[in-house]
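Chain A is fixed; fit chains B, C, D and E with the ligands onto it per the hints.
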Amino acid sequence: MIRIAWLVATKDLRIEARSRVLLWQVLPFGVIALLLSGLALGPTRAGTSTLGPGLFYLVTLFVALLMINRSQALENASGTRASVATLGLDPAGVFLGKALALTIELWVTGVVLLAGSVLVLHTDLLHSLQALPSILVTLAALSAAGTLYGALTQGGDGPATLLPVLTLPAFAPLLIAGERSFSAALQGGALWQWWVIVVVAFAAYTAVGVLLYGVLEES
Amino acid sequence: MIRIAWLVATKDLRIEARSRVLLWQVLPFGVIALLLSGLALGPTRAGTSTLGPGLFYLVTLFVALLMINRSQALENASGTRASVATLGLDPAGVFLGKALALTIELWVTGVVLLAGSVLVLHTDLLHSLQALPSILVTLAALSAAGTLYGALTQGGDGPATLLPVLTLPAFAPLLIAGERSFSAALQGGALWQWWVIVVVAFAAYTAVGVLLYGVLEES
Amino acid sequence: MIKLSQRLLGPLTLLLLALTFWLGLWVTPPDAVQGDLVRLLYVHPPIAWVALYVSFGTATIASCLYLWQRTRSMTMDRIAYCSMEISVVFIALTLITGSIWGRPTWGVWWAWDARLTSTAILGVFALAYLALRRANDDPTQRARRGAVFAILTAINVPIIHFSVLWWKTLHQGASVLTSTGQLNVHGSMLWTMLIGFVGFTLLFFWLLRERYRLEVKRDRLVASTVDEALAQRRREGV
Amino acid sequence: MSKGFPLLSGVDLVIDRATLTIVTGANGAGKTSLLRLLGGLDALTSGEGRVAGIDLLDGDRRLLRRRVGWLGHEGSFYADLSARENLEFAARALERPVGEVAAALERVGLAHRASTTTKRLSAGQRRRLGIAWLLVRRPELWLLDEPYASLDDAGRVFFDGLLADVLAGGATVVLSAHDALRSSDLESCEVRMVGGRVSAP
Amino acid sequence: MSKGFPLLSGVDLVIDRATLTIVTGANGAGKTSLLRLLGGLDALTSGEGRVAGIDLLDGDRRLLRRRVGWLGHEGSFYADLSARENLEFAARALERPVGEVAAALERVGLAHRASTTTKRLSAGQRRRLGIAWLLVRRPELWLLDEPYASLDDAGRVFFDGLLADVLAGGATVVLSAHDALRSSDLESCEVRMVGGRVSAP
Ligand code: HEM
Ligand SMILES: Nc1ncnc2c1ncn2[C@@H]1O[C@H](COP(=O)(O)OP(=O)(O)OP(=O)(O)O)[C@@H](O)[C@H]1O
Ligand SMILES: Nc1ncnc2c1ncn2[C@@H]1O[C@H](COP(=O)(O)OP(=O)(O)OP(=O)(O)O)[C@@H](O)[C@H]1O
Ligand SMILES: [Mg+2]
Ligand SMILES: [Mg+2]
Chain A
4 MIRIAWLVAT
14 KDLRIEARSR
24 VLLWQVLPFG
34 VIALLLSGLA
44 LGPTRAGTST
54 LGPGLFYLVT
64 LFVALLMINR
74 SQALENASGT
84 RASVATLGLD
94 PAGVFLGKAL
104 ALTIELWVTG
114 VVLLAGSVLV
124 LHTDLLHSLQ
134 ALPSILVTLA
144 ALSAAGTLYG
154 ALTQGGDGPA
164 TLLPVLTLPA
174 FAPLLIAGER
184 SFSAALQGGA
194 LWQWWVIVVV
204 AFAAYTAVGV
214 LLYGVLEES
Chain B
4 MIRIAWLVAT
14 KDLRIEARSR
24 VLLWQVLPFG
34 VIALLLSGLA
44 LGPTRAGTST
54 LGPGLFYLVT
64 LFVALLMINR
74 SQALENASGT
84 RASVATLGLD
94 PAGVFLGKAL
104 ALTIELWVTG
114 VVLLAGSVLV
124 LHTDLLHSLQ
134 ALPSILVTLA
144 ALSAAGTLYG
154 ALTQGGDGPA
164 TLLPVLTLPA
174 FAPLLIAGER
184 SFSAALQGGA
194 LWQWWVIVVV
204 AFAAYTAVGV
214 LLYGVLEES
Chain C
1349 MIKLSQRLLG
1359 PLTLLLLALT
1369 FWLGLWVTPP
1379 DAVQGDLVRL
1389 LYVHPPIAWV
1399 ALYVSFGTAT
1409 IASCLYLWQR
1419 TRSMTMDRIA
1429 YCSMEISVVF
1439 IALTLITGSI
1449 WGRPTWGVWW
1459 AWDARLTSTA
1469 ILGVFALAYL
1479 ALRRANDDPT
1489 QRARRGAVFA
1499 ILTAINVPII
1509 HFSVLWWKTL
1519 HQGASVLTST
1529 GQLNVHGSML
1539 WTMLIGFVGF
1549 TLLFFWLLRE
1559 RYRLEVKRDR
1569 LVASTVDEAL
1579 AQRRREGV
Chain D
1307 MSKGFPLLSG
1317 VDLVIDRATL
1327 TIVTGANGAG
1337 KTSLLRLLGG
1347 LDALTSGEGR
1357 VAGIDLLDGD
1367 RRLLRRRVGW
1377 LGHEGSFYAD
1387 LSARENLEFA
1397 ARALERPVGE
1407 VAAALERVGL
1417 AHRASTTTKR
1427 LSAGQRRRLG
1437 IAWLLVRRPE
1447 LWLLDEPYAS
1457 LDDAGRVFFD
1467 GLLADVLAGG
1477 ATVVLSAHDA
1487 LRSSDLESCE
1497 VRMVGGRVSA
1507 P
Chain E
1307 MSKGFPLLSG
1317 VDLVIDRATL
1327 TIVTGANGAG
1337 KTSLLRLLGG
1347 LDALTSGEGR
1357 VAGIDLLDGD
1367 RRLLRRRVGW
1377 LGHEGSFYAD
1387 LSARENLEFA
1397 ARALERPVGE
1407 VAAALERVGL
1417 AHRASTTTKR
1427 LSAGQRRRLG
1437 IAWLLVRRPE
1447 LWLLDEPYAS
1457 LDDAGRVFFD
1467 GLLADVLAGG
1477 ATVVLSAHDA
1487 LRSSDLESCE
1497 VRMVGGRVSA
1507 P
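Chains as they are written, first to last, in our numbering: chain A, 4 to 222; chain B, 4 to 222; chain C, 1349 to 1586; chain D, 1307 to 1507; chain E, 1307 to 1507.
Bound-form chain A, shown alone (with noise of 0.2 angstroms):
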């Protein structure tokens, strides 16, 4: 399982290295989403840091959805799913292995995204570092619920746009975890309600991947 988790995370990321698309498309994405976010809620209201995490956790999400897509996108493209399913891989160890590229990436784009928003929505420096943990377990979460739900997508019609439907809902409790942990930091405490929140989900998420990504497969 880990072998295979680990063949299929270099495999994606090897992709991802040799397409360029992430430092070339997805990250100024982020950085403009995140612009534009600020002015158009106007730009008395954007300056305001309160309005920060909740920008931060948004534009993430957009961007997230995008990678996940193209996660998908990678394994779905004619023909290769034929060739491939007859490799008859571990089906955890391909859970893993896509979760695991997707974190790092997601993680990348974080790390960009919070200078960004330091930057940009003036959220506190220091705070917000000690955001980043938080942040970094609710993007793994994130990726391992987008995997999950970005193989229930896979095959019908226009996965593209039925994928958001179907992770969107999920992604609402890791979101306003996410949210208020990043702005309880940002006041200077740190509630652990949030943080078990994310971890449950994250290892909820990890579960259930680990166990059920074969039966998405199969059918």
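Treat the hints with care, since some could be wrong.
FRET-style restraints, in silico, Cβ to Cβ [as the list claims (entries may be wrong)]: (1) D/1470 - C/1565: 48 to 58 angstroms; (2) E/1418 - D/1470: 48 to 58 angstroms; (3) C/1362 - D/1369: 48 to 58 angstroms; (4) E/1491 - D/1403: 47 to 57 angstroms.
No wet-lab data here; the hints were simulated from the structure.
Ideal Cβ positions, reconstructed from N, Cα and C, are used throughout, including at glycine.
Coordinates of chains B, C, D and E with the ligands only, in the frame set by chain A:
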């Protein structure tokens, strides 16, 4: 030109109607995103309707990106491009047709999201209706711009993710103008400046599209 | 004459910039309100002027010339590309010098001010242009798409300008930014600023020329690898 | 030229009107690339060429494409439209009578699949639909990339018959192939490609 | 079963170990569908079937797929990886020595394209890469959907030789074809399909 535009627009709309992506995937996505935006920004603030126009446009923008993407993906399926290229369609007509189909789809989305924001974000119904004309023009401008930028990203690697990078800066002024005139409508006024911007943007993009779409297709 | 001015471009740029720094740092007096911070006045506005008007202007004109059948050539494409690339650097410098100035003056590194916002959006345009070029392998396709995108950007500049301006005036009073200096610009300060403007503009053209030469060399390198590849291709299957 | 790789490396070729030319060569020799070039689908980076009187280097390639019919490795249509709708789109775009569509479908043996979504058709059916599209198009220059692949025997015989018709009608046909023609009464000229070059015109 | 359309409508078939079976039939007869079913790529909705001892209705199809090698209409890999990287991925996944990859590429004649991105390969080269992938896979059951399509003559001769090897090695081969085999010393059993049914087993 008009004939080709009509042909292309009906073709796009027929495919859309056939696959039901708008109805079953894009619209629910938009509504959920609206809900989540409200959540992400915190329960207390979401209730205040001043954020309404900004969130409405933010979500519309992301939905529009999905749809522009789809509209271009139709033309770029492996092989479709070569066949259609040998029809030698008038590029101005193709541009107008695709922009028209996209406009109609975005109008449907816009109306649904407006209803959503009345329900979820408590924006005022009557004033929202007053903002409708400016919303429709803004969405038409967005379609023209989106079709143009969509054609720019055709063919390269990972067009799905390059598109947002190109379009977001261009959409920024539209977003600002749309948001401002929506806000103004909510406060009971109407601001001619914002009308000028969206109308000028609409005219400029349409003109450039009609003139330069051929250059893009050529390559 | 042209040759001479070409040869002089580099030295002249250096001279003017050195003069600007010397005048700015040692000769001109500190400001009554801002103190030594005012010395950014000789650097920041000229850099911003080059970033927005000179480089974007050059790129747009070159792109138009590329799209026009009769003046279409790789030269125009290269000029457009190189000036956009330099523009990115200058916009970054504008943002950096501006932020450095803004931190002590306004107390924040960034604010949703009209001019700041529009500068940022333009920077994003320049970056998007570079991303678009990277995504296309085919030289003609790259050139055409780049040119169309540059023109779309040019259309956007006034739209952004007005939208942001009106937005601003609707929400807040006059910006902090424009209220500085200007009225009480001292004689020597005015001169220093002027020299700075000319110096940075020349710097742009100097960089453009060097960057252009580099690009030509790179293209030649690519062409030579093509010959090699061609020979290899012919040997295939024989 | 694809990422610095020369697809073609020296092609010197004249094709007469109303003739059948067969491009052969090993896998990767450049057959597909040559056909795409002739159809104005790819750009010429150096050298010179004229097809149907249009210069490949700086002529209007859109005009050229309009006169060309292309059948690629993948039968290539809007995958979400049915067979009939795809053909009707082509007919309308070229201002041909829409009535021809049913006849074309009948002729290639797809009448019973006319309303099946294109993406659900089998490989051979997609190839047949591609031929029907060309029948509706009625181009001057037919560029066919391995038209025999995945056609069944009946299809190949039918296709040879069609070629004879087309040539008699004055159109020019260039096709790439690994399989020989079935019918031997078609006069054809063979072009052999090796390593991106035409070796025996 | 695809959108309410029965792809197969009555297949009654027994295939012995280490034999070569050739599935023929007109376009749209159901050859591809039959092969996908045998490989566990599509689900069986009614009837019964066992492949390699695994029940198609409620057995573990993943185990089945692991023992099957599939060559589809489209050479099918990660389009952004190079030919070599794709094969290495397969080798690692199946715990085969990575050293076999170079040998397989050499054998199908793609050694000089080992580091070309898969999406840039020509149609025939992609097919050859598919064969190389099978060489690395070394499955028990080879399911080949029109393997001859878009291979050049040398490729077809090579492929027939390969088939002989594979069969001698004890693997079972089922292939669909419109073209006849080149070499006649391969013993084969033909299955003819008509309208989703096996008409002559
Ligand atoms: C990140 C922050 C900043 C950015 C992006 C920025 C951007 C710009 C730009 C684009 C211009 C050129 C405008 C034109 O020529 O039309 C400009 C000019 C100027 N800026 Fe800044 N700026 C920033 C911060 C500041 C600060 C903090 C000050 C002083 C308190 C300042 C003072 C000036 C002055 C005096 C000019 C020239 C006068 C004028 O043209 O109006 N800037 N800036
Ligand atoms: N970037 C690249 N690097 C290396 N080789 C490349 C690149 N792009 C294309 N090629 C090669 O160019 C050739 C393309 O040839 P083309 O598709 O025209 O072949 P073909 O004659 O149609 O072959 P087939 O019979 O297999 O269809 C292939 O050999 C391919 O590997
Ligand atoms: N929803 C549907 N409605 C009608 N027909 C369908 C549908 N889905 C699939 N088909 C038909 O099912 C058949 C699929 O057969 P399959 O792809 O197995 O053919 P094949 O024998 O491989 O043909 P070929 O030789 O062309 O590859 C085709 O005739 C196709 O038109
Ligand atoms: Mg080919
Ligand atoms: Mg088939």
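TODO: Check each numbered hint against the structure and report the violated ones by number, ascending.
DONE: Hint 2 contradicted; others consistent.
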